[in-house]
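Participant: Sequence:
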Amino acid sequence: MQSSPQTAWRAAAEKLASADFLLVATGAGFSADSSLPVYADIANVDAYEKMDLEYQDLCVPYMLEQDEELFYGFWGSCTNSYRDTKHHKGYQILLKWRHTLRVKASVNGTDGTKSRFQAAFDRLKKCQALPAGVTVDSVTNDPFFVYTSNVDSHFKRDFDSKEVYELHGNVENWQCAGDVETGAREPCDKIWKLPKYFRFNLDAETMKAPGAEATTCPECGGKGRPNVLMFHDRQWIANKSEENGYIAWESVMELVCHG
1 MQSSPQTAWR AAAEKLASAD FLLVATGAGF SADSSLPVYA DIANVDAYEK
51 MDLEYQDLCV PYMLEQDEEL FYGFWGSCTN SYRDTKHHKG YQILLKWRHT
101 LRVKASVNGT DGTKSRFQAA FDRLKKCQAL PAGVTVDSVT NDPFFVYTSN
151 VDSHFKRDFD SKEVYELHGN VENWQCAGDV ETGAREPCDK IWKLPKYFRF
201 NLDAETMKAP GAEATTCPEC GGKGRPNVLM FHDRQWIANK SEENGYIAWE
251 SVMELVCHG
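Under the UniProt record's numbering, read the sequence shown as residues 1 to 259, first letter to last.
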């Protein structure tokens, strides 16, 4: 006999209540609750349908060379929408869970203000079990972390950047496109943020938008692109510091709480 939803919810709540630390993994469904389209629906637009384009045709770096305004229109539409959207109450629930874990860690002496976190970090660092170059100051000492494939950057509205790993990047960060067609020229190293009040000048009928100073590489003056992992992407600059912070956090927390 299958258990009822209420039974499953109660069991999940008991697991959360007994947890020493929490890793929250989210995908497109979490953003969908803010009424943002999931990947399968992003291209459900008349302009794209007339051009017989689907999501996997638009979310490629090569589009920047094939049709620059269509490329910036696609990412501009996503960025404008992400910025305009108020995130749902689930984010506030996660903040409450984080607070509860912080209180519990403080009582148990496993929080970052105690020597156990530093000692665990030093122990793992000494035996080379942490990524090279990572420091204790670059790793959150909170017993809470978010691992997400979402690129809307909504988690960073409420959570510290050290406790969020956006494994596919986000649309707020931009990078040099380099040589998109051949890959002969690597992109410049610099990552920059779009200005706070910047909006893409999107034509809703054609779904096209021009490039702008904000989307231009400040190093070489070439075309920029969102620092987001696209399909068939050879030029994406991965955020190794976030990745290393996540790897180190998980290792240290497991040792602090269960070592």
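Note that these hints are calculated values from the structure, not bench results. Certain hints may be false.
[Said to hold, decoys possible] Below, a list of computed lysine to aspartate or glutamate pairs in the EDC-like style, where the Cα atoms sit at most 20 Å apart:
no.	residue 1	residue 2
1	15	137
2	240	203
3	190	179
4	104	20
5	190	242
Predicted, not measured: the structure shown is a model, and the values here were computed from it.
Participant: Look at each hint and say if it fits the structure.
Facilitator: Status of the hints after comparison with the structure:
1. 15 <-> 137: It is violated: about 30 Å lies between the C-alpha atoms, which goes past 20 Å.
2. 240 <-> 203: Distance ~35 Å between residue 240 and residue 203 Cα, so the pair is violated.
3. 190 <-> 179: holds, 15 Å
4. 104 <-> 20: Holds, because 8 Å separates the two Cα atoms, which is no more than 20 Å.
5. 190 <-> 242: With Cα atoms ~16 Å apart, residue 190 and residue 242 stay inside 20 Å; holds.
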